[in-house]
Every structure is written in C-alpha cells, then in structure tokens.
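Undergrad: For reference, the chains in residue letters:
Protein chains: 2
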Amino acid sequence: MVTKNQIKLVASLQQKKYRTKHGLFVVEGKKVIKELLESGFEPFKLFVDNAQEKDDFHDAELVSKSELKQMSSLSNANGVLGVFRVLDTKKIENTDWVVALDSVRDPGNLGTIIRLCDWFGVKHLICSLDTVDCYNPKVLQATMGSIARVNIVYVNLEEFLTNAETPIYGAFMDGDVVYHKELPKFGILVLGNEANGISAEINSKIKNRIAIPQFGSTTTESLNVATATGILLNELRRGSG
Amino acid sequence: MVTKNQIKLVASLQQKKYRTKHGLFVVEGKKVIKELLESGFEPFKLFVDNAQEKDDFHDAELVSKSELKQMSSLSNANGVLGVFRVLDTKKIENTDWVVALDSVRDPGNLGTIIRLCDWFGVKHLICSLDTVDCYNPKVLQATMGSIARVNIVYVNLEEFLTNAETPIYGAFMDGDVVYHKELPKFGILVLGNEANGISAEINSKIKNRIAIPQFGSTTTESLNVATATGILLNELRRGSG
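The listed protein sequences derive, respectively, from chains A and B.
Per our numbering, the very first residue in the first sequence carries number 2; after that it's consecutive.
Per our numbering, the very first residue in the second sequence carries number 2; after that it's consecutive.
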C-alpha cells in the first residue's frame, strides 16, 4: 500500500529542488513510461490506478484514483505514473556535433530540441545552468522518450566553451548564411534564449556566426529556437545523408 | 461605454462558430495587436483596461479590468484586447511553393507553421477543413503577427489536390530522402496530422513522397509536424539562398 509519505515524496518531485535532492523524476502516460523502460531507465516505482493497467506494468502498485491524482502534476491524471532514477551523465565526446543551449526557458522547446537531437543522432546536449530542467514534467511530455537516448549535461556554459577543443558555431539573426559555409564534421552548435538570443558572455566565445536566411517579408521576429535547431541540425547532417 | 452585449459578443468569439458568423476574431497582447495593425488588419474595436495603454492605442476604448477579463480568453488578461475583421482570402497563385495541411489539430503547430511560411516567403497556406482554425486565440498567440502576411485558405483538400496544376510533394516517414531529390521551383508541399500523418485519401493524390532522414537510433516517433515543415521549407529554399 502506498503511504502518505510516498505520495508526498512523489508530489514533491514536481519541483526541481526535490528532483535534485532525491535523484528521482516523475513521468506520466503509458507511452512515455514504456519508452523509458525500454531505453534502460530504471524505475524506482510505478503506480497504476486500475487493474487493467497492471497487465502492462506487472511491477506497478495499484493505487486509488484519488491517490494517483495527489501524485500527478496533470489536471487529468492518466492512469499510470512512473518514478524513475535520474540518469548519470556521461563524458562528452568531441568526435561529433554537440548542441549547447544558452538559457532556453520554455519546457516545450527543450523537449522538442531533445527529440531533434535524438532524430539527428546528436548524443550530447549541453545546457547552461539557467536552462529549464530536463526532468520538468512538461519537458518529459514533449520528448516522447527521446530523453533516454540523449546525454543531457548542465554546465557553466561560458567555462565549457572556454575549454572547448572543437569549433564553436552559434545561431544569430545576423550571422553568415549557413548554406554557404563549409561545415566541419564536428563542433559545438550554440542556440540562445527565446527572447534575447545568445547572451553577450557566450557570444564572445563564438567564432562562427551562422544564420538561416529569411525569404519572407519584414518580420523582426526570429525563428522559434526549436525550429531553428531542427533546421540547423538538418544542415549539419545533410552532407552525410 | 462598453455594453453588456458587446462584452458578450467579444467573449463569444472564443468559439469558431461565432468567429465565422461575425467575421471577427480577438487578439490579446500589445505586441501582436501592433503587428496586426501595422500589417493592415482592420480593427473592429480595441479595448484597454488602463489609461497608460491609451497612449499607444488612441482609438481604444477604456474599460474596467473586470470588463476586460470578461472578454478575455486568458487567465490573466493583459491590458489590451483587439477585435479584428477576418481577412478576405486571396486567389492562390501557383508560381511558387504553397504549403497544404491535412488535418493539423494543434494550435501551437499551426501558429508555428504560419510563422515559418512567413519566414520562408510562402504566401499561401492551404488548410483542410478539419485543420484547427487559424483565428483560434492559441494560434494567433503563436504566429506573432505573421498571420497578416500569409494568405490562409480552408478548402476541401482532396478536391484542391485533384485540381492542382503544380507538382504535389508530401512528407512521409518512408519517403525518398529529400536531399537527393531535384526539387522544382514551385509546387505544393503537403504535411499531415500530428498522430496519423497524411490520410489515405490525400496520400492517393501525392506523386512525390519525401522524407527527412533519421540519423539517430531507433525511435518510431516522427518529427513534430511544425519542425518537419521548417526543415522542408529550408530544403525548398536553400537552392535559391
């Protein structure tokens, strides 16, 4: 039987500080939970609120709908909730492209970027310390399980770039048109914050400023950061596709 | 002074049937409203809930915070609300690429796709009748004003494609790698529903099946439809960039 303390623990994991403290995070929804299990994430505890779901998740504990609701971050808890252990981060290899994010704040954007890294075979995603937490429930919902296949590391980005041994590229509105650049086989691709782009400190570390040209009229809005990541990863990979 | 009936009318525009009935839609937020005004959208009525905003919007009517809240679809109404007339749709030209959407349901995706069409200079966006309404408040929020610069037309897509005189391309998981295709200067690019892709009826109209290749591991998830649109529009334009 689930105890009040367990419910309290799971509910607390909606906050980053408790995820960090316990090394645990919560995922909801059958599909994402299955993907995590298949990709080698270790379940700390699984909960289901009806007997049918037990067929799919033998090790899950059956709880009442109201208990699941207390643990859930969703307005409609959807029957299955998994508590997983945070993955150990791996050493970053610099034999391929890695993506680095400077203060990306929107969970949906980070989730989409993780999914894009997975799609384009980018194994390492570097996040500045003020980038949204990758175990945020909204990020997890948007990743569709890709989080299991991308090594996500939070670092002091300025320091990381200062010590980097591979070429550093950054996406800027006024950069050089990416189509005309000879792109190396490996490097670091930096993308910036939704509203402000790449910050001044990070900017100073970037030698290669690239841009996706604008073909339409006169909007001053940049592309969404996740869309820009998709287009640039496609540019990096298309030579070998 | 704003009347109860006016408040009721504005609030009703959250629903598509009333937007269609009255030929009006609602936009909230200073920035988007300014963009619409600058792009030639005709305001039917502007409302502000404080005197400072009047400096920016001289023609706006000052209402109380509670009145604005009653008209707003946001949980935190943000000071300025505009009611605009729906634009007349223009004739579709077939001298350039157009994008066609088969049953795209997510407002954020449609908004992002409109913004991408604007960025890449695609003037016409064709939507199947079951694609989410482009005047849905969440779409408008995501377009960032691009909606004023893209001609969006809702049609029976099967019929439209049957009568089309330009080459039809569609995005499929198992299509030909887009990098290796010689792409024409104009045509129709079809993208499908978030969960099910392009439907069987529409599929039968598509001669050219293209794909963005996957470089990563074994996910069975496709790319998000808005991301895929961005990457493919970049592919269509990069030859002329």
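Quick caveat, the hints were computed from the structure, so don't treat them as lab data.
Take the hints with a grain of salt, since some may be wrong.
Given that identical chains are not distinguished, each listed pair holds provided it fits within a single copy or across any two copies.
Below, simulated DSS-like cross-link-like pairs (lysine-lysine); rule was C-alpha separation at most 30 Å, straight line [claimed, not checked]:
| # | residue 1 | residue 2 |
| --- | --- | --- |
| 1 | Lys139 | Lys17 |
| 2 | Lys124 | Lys18 |
| 3 | Lys182 | Lys9 |
| 4 | Lys206 | Lys31 |
Undergrad: All hints are to be evaluated individually against the structure, with a verdict given for each.
TA: Right, here's what the structure says about each hint:
1. Lys139 x Lys17: both (12 Å within a copy, 28 Å between copies)
2. Lys124 x Lys18: Answer is within; shortest intra-copy Cα gap is 26 Å, inter-copy 47 Å.
3. Lys182 x Lys9: neither (53 Å within a copy, 56 Å between copies)
4. Lys206 x Lys31: Result: close neither inside a copy nor across copies, 43 Å intra and 35 Å inter.
Of the numbered hints given earlier, the model fails hints 3 and 4; all others are met.
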